[in-house]
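**Q** Sequence:
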Amino acid sequence: MKQLDQQILFLYRLSNRGREEKCYTAPRMFFFLFSFSLFLFATPGCKKFIDVPLPGTETYEPVIFTSDITARAAVTGIYGKMLSQNGLFSGNTRSLTVLGALSADELESYSTEAIPREFYGNAISPANAAIETALWNEAYQHIYAANAVLEGLERSNGVTPATKVQLQGEALFIRALCHFCLVNLFGNVPYLTTTNYKENIVQARMPGEKVYQQLIQDLQASQARFDELPGLGQNYVYVTGERVRPNRWAAAALLARAYLYTGRWEQAEALASAVISQTNTYSLDSLSGVFLKNSREAIWQLEPNNAEGFNTWEGKNFILGTAPGSGENNSTVLSGHLLQAFENGDQRRAAWVDSVIVDNTVYYFPAKYKVQTGVEQKEYSMVLRLAEQYLVRAEARARMGDVSGARADIDSVRRRAGLSSTTAGNPTALLAAIAQERRVELFTEWGHRWLDLKRTGTANAVLSMVKSPGWQPADTLYPIPQRELSLNKNLTQNPGYH
Numbered sequence: 001m002k003q004l005d006q007q008i009l010f011l012y013r014l015s016n017r018g019r020e021e022k023c024y025t026a027p028r029m030f031f032f033l034f035s036f037s038l039f040l041f042a043t044p045g046c047k048k049f050i051d052v053p054l055p056g057t058e059t060y061e062p063v064i065f066t067s068d069i070t071a072r073a074a075v076t077g078i079y080g081k082m083l084s085q086n087g088l089f090s091g092n093t094r095s096l097t098v099l100g101a102l103s104a105d106e107l108e109s110y111s112t113e114a115i116p117r118e119f120y121g122n123a124i125s126p127a128n129a130a131i132e133t134a135l136w137n138e139a140y141q142h143i144y145a146a147n148a149v150l151e152g153l154e155r156s157n158g159v160t161p162a163t164k165v166q167l168q169g170e171a172l173f174i175r176a177l178c179h180f181c182l183v184n185l186f187g188n189v190p191y192l193t194t195t196n197y198k199e200n201i202v203q204a205r206m207p208g209e210k211v212y213q214q215l216i217q218d219l220q221a222s223q224a225r226f227d228e229l230p231g232l233g234q235n236y237v238y239v240t241g242e243r244v245r246p247n248r249w250a251a252a253a254l255l256a257r258a259y260l261y262t263g264r265w266e267q268a269e270a271l272a273s274a275v276i277s278q279t280n281t282y283s284l285d286s287l288s289g290v291f292l293k294n295s296r297e298a299i300w301q302l303e304p305n306n307a308e309g310f311n312t313w314e315g316k317n318f319i320l321g322t323a324p325g326s327g328e329n330n331s332t333v334l335s336g337h338l339l340q341a342f343e344n345g346d347q348r349r350a351a352w353v354d355s356v357i358v359d360n361t362v363y364y365f366p367a368k369y370k371v372q373t374g375v376e377q378k379e380y381s382m383v384l385r386l387a388e389q390y391l392v393r394a395e396a397r398a399r400m401g402d403v404s405g406a407r408a409d410i411d412s413v414r415r416r417a418g419l420s421s422t423t424a425g426n427p428t429a430l431l432a433a434i435a436q437e438r439r440v441e442l443f444t445e446w447g448h449r450w451l452d453l454k455r456t457g458t459a460n461a462v463l464s465m466v467k468s469p470g471w472q473p474a475d476t477l478y479p480i481p482q483r484e485l486s487l488n489k490n491l492t493q494n495p496g497y498h
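All the letters of the sequence shown, read from the start, carry residue numbers 1 to 498 under full-length UniProt numbering.
Hint data in this document are derived by calculation from the structure and do not stem from the laboratory.
Keep in mind that the hints are not guaranteed to be accurate.
What the hints assert, rightly or not - Simulated restraints on C-beta separations:
(1) Asn305 x Gly158: 27 to 35 Å
(2) Thr262 x Arg296: 27 to 35 Å
(3) Gln472 x Gly327: 24 to 32 Å
(4) Ser464 x Gly289: 35 to 43 Å
(5) Arg296 x Gly418: 38 to 46 Å
(6) Ala114 x Pro207: 27 to 35 Å
(7) Val375 x Tyr497: 41 to 49 Å
(8) Ser283 x Ser486: 45 to 53 Å
(9) Gly327 x Gln213: 37 to 45 Å
(10) Thr373 x Ala123: 41 to 49 Å
(11) Thr458 x Val356: 28 to 36 Å
(12) Thr262 x Thr423: 23 to 31 Å
For each residue, glycine too, the CB sits at the ideal point set by N, CA and C.
Put together the whole structure using the sequences plus the hints.
**A** Here is the structure:
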C-alpha cells in the first residue's frame, strides 16, 4: 500500500503542475485535479479512502503506472470526483441535473441564493460561480484526468494488456462525455486531448460540429478498445453484478445520443438497436426498480459514497420533508407545467412524484430516488439507462419515416407506464409524441429537457411563455466563465453576455 499511496500522490501532484508553474489560464481547471481522495479498491488490506495531502512545488516526470492497481485507481478516482464535488455529474445542487431543470421548465426555485436564482431566471452572469467551478472547470478537470490516464497507459509497461485496453476504453468514454456536456451547455468549446499545458492554455473555441466529430471518434475508439477485451468480453464490468463502470454498451448508448443530436438518424437507430438487443443484460425495469443500484435498466450508474449518511445527492436534495428552503439545498419543487404534462393514468406520476403539505400548501417534488438519508446503499445515481435508448431509436425512426418502428418503441415506454398505445400515425405526430414521452420519462435527469428544447429548436417558443418577460433567445447557451476569458485571450464570449 505504501507504493500505491506514493503513486496516487504523484498523480495528484502531476495534475497541479500548471498551478505550480503559475499557468493560470483557460481552461485552467484541468490543473486542479487528481486529488484522489476517493479511491475504491478491491485489494485486500487497502484502505477504501485515501486522503492525499496538498502538493509541494517540485517538478514531476510524466505519470507511469507501475501496476494494474495503480492504473485502475486513477480511473476509479475520476468517478469518485464526479460525485464528491458539487458539480456537473454529482446530482447535487450545482449539477447538470438541477441547473438544467431550473433553466428549463421542470423545477421552480424557492432559493434566495444568487446561483440558483440566475439559472431559474435565465439571467446568468459570466461570473456565476457554478458556471465556472461546477460546470466548465469540473468538465475540463475530468478531461485532464482522462488524458493523463491515456498518456500514462501508453508509456507504462507494468499494466497488463487487458487492463490497459479496458482503462483506455473508459478514459476515452469519459473524455467524450465531458465534451458532450460542454458543447451542449456552452456551444463552441476547446476539445482537449493532451495534458500539455502549453497547448491547452491557448486553445480557442472549436466549432460545435467539430466537437461532435471528435467526441464521436473518441466513442468509436472506446468501443474498439472494449471489443479487444479477452475472456470477459463486452460485458466485463457486470460480472460482479455492479454497473458502475462504463463498458462497450455505455459507449454505444452515448454514441447513439450523439448521432441523434447531430441528425445522423441511421447511425442513431443502429447504435440504439445494438444496446436494446442486449436482452440478457438490459431490460426496462419496473417503475419502482429503475433507480435502484444495479437496476436491469441501468447501462451506467455512479456509485455514491454512502458514508455521508445518504445514498444519492438527487435523493438528498430533491426529497422534501417540509416547505422548500431559501438556500441551495432542498429549495426546489416540480413546476406546474411538468405536473400538467402527465396523461391521466400515467403511473410515472404516482411512482416518480411525491409531495409534502405544509400550512395547506402542497409542494410536489421529484421522487425517482426514494432514499433521502440512510447508510444502507439502495440507490446509485443513474447516468445512462435503457428507456432513453428506446426513445432515441423512436425519434431516429420517425425522422426516417419508419412509422411502425417508431410507434413500437414509444409503446414500449408507454406500456411500462401503464398507458395505452400511442395514437400518433405520421412522422410529425410521432415526433410530438416522442417529445412528450421524453418529457415525462426523463424529467429531472441530466438536463434532458433543457437539451431537448435547445436541440429541437423549440426552446424559444416554449420558454418565452414560461419565463416571460426575462427570457431571451441567447439564453439557450450559458456564458463562458468571465475568469477564463480574462486568462485566455483566444476565448470569446457567447452572444448576449457582457
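**Q** A separate judgement is required for each hint: does it hold in the structure or not?
**A** Each hint tested on the structure:
1. Asn305 x Gly158: 27 to 35 Å: 28 Å, holds
2. Thr262 x Arg296: 27 to 35 Å: Given a distance of about 29 Å, which is inside 27 to 35 Å, the answer is holds.
3. Gln472 x Gly327: 24 to 32 Å: With a Cβ separation near 27 Å, glutamine 472 and glycine 327 satisfy 24 to 32 Å, so the hint holds.
4. Ser464 x Gly289: 35 to 43 Å: 38 Å, holds
5. Arg296 x Gly418: 38 to 46 Å: Check failed, 18 Å falls outside 38 to 46 Å.
6. Ala114 x Pro207: 27 to 35 Å: 32 Å, holds
7. Val375 x Tyr497: 41 to 49 Å: 43 Å, holds
8. Ser283 x Ser486: 45 to 53 Å: For serine 283 and serine 486 the Cβ distance comes to about 51 Å; the hint holds.
9. Gly327 x Gln213: 37 to 45 Å: 42 Å Cβ-Cβ, so the 37 to 45 Å window holds.
10. Thr373 x Ala123: 41 to 49 Å: 34 Å, violated
11. Thr458 x Val356: 28 to 36 Å: The hinted range 28 to 36 Å holds for threonine 458 and valine 356, with Cβ atoms some 32 Å apart.
12. Thr262 x Thr423: 23 to 31 Å: Holds - the Cβ-Cβ distance for threonine 262 and threonine 423, about 30 Å, lies within 23 to 31 Å.
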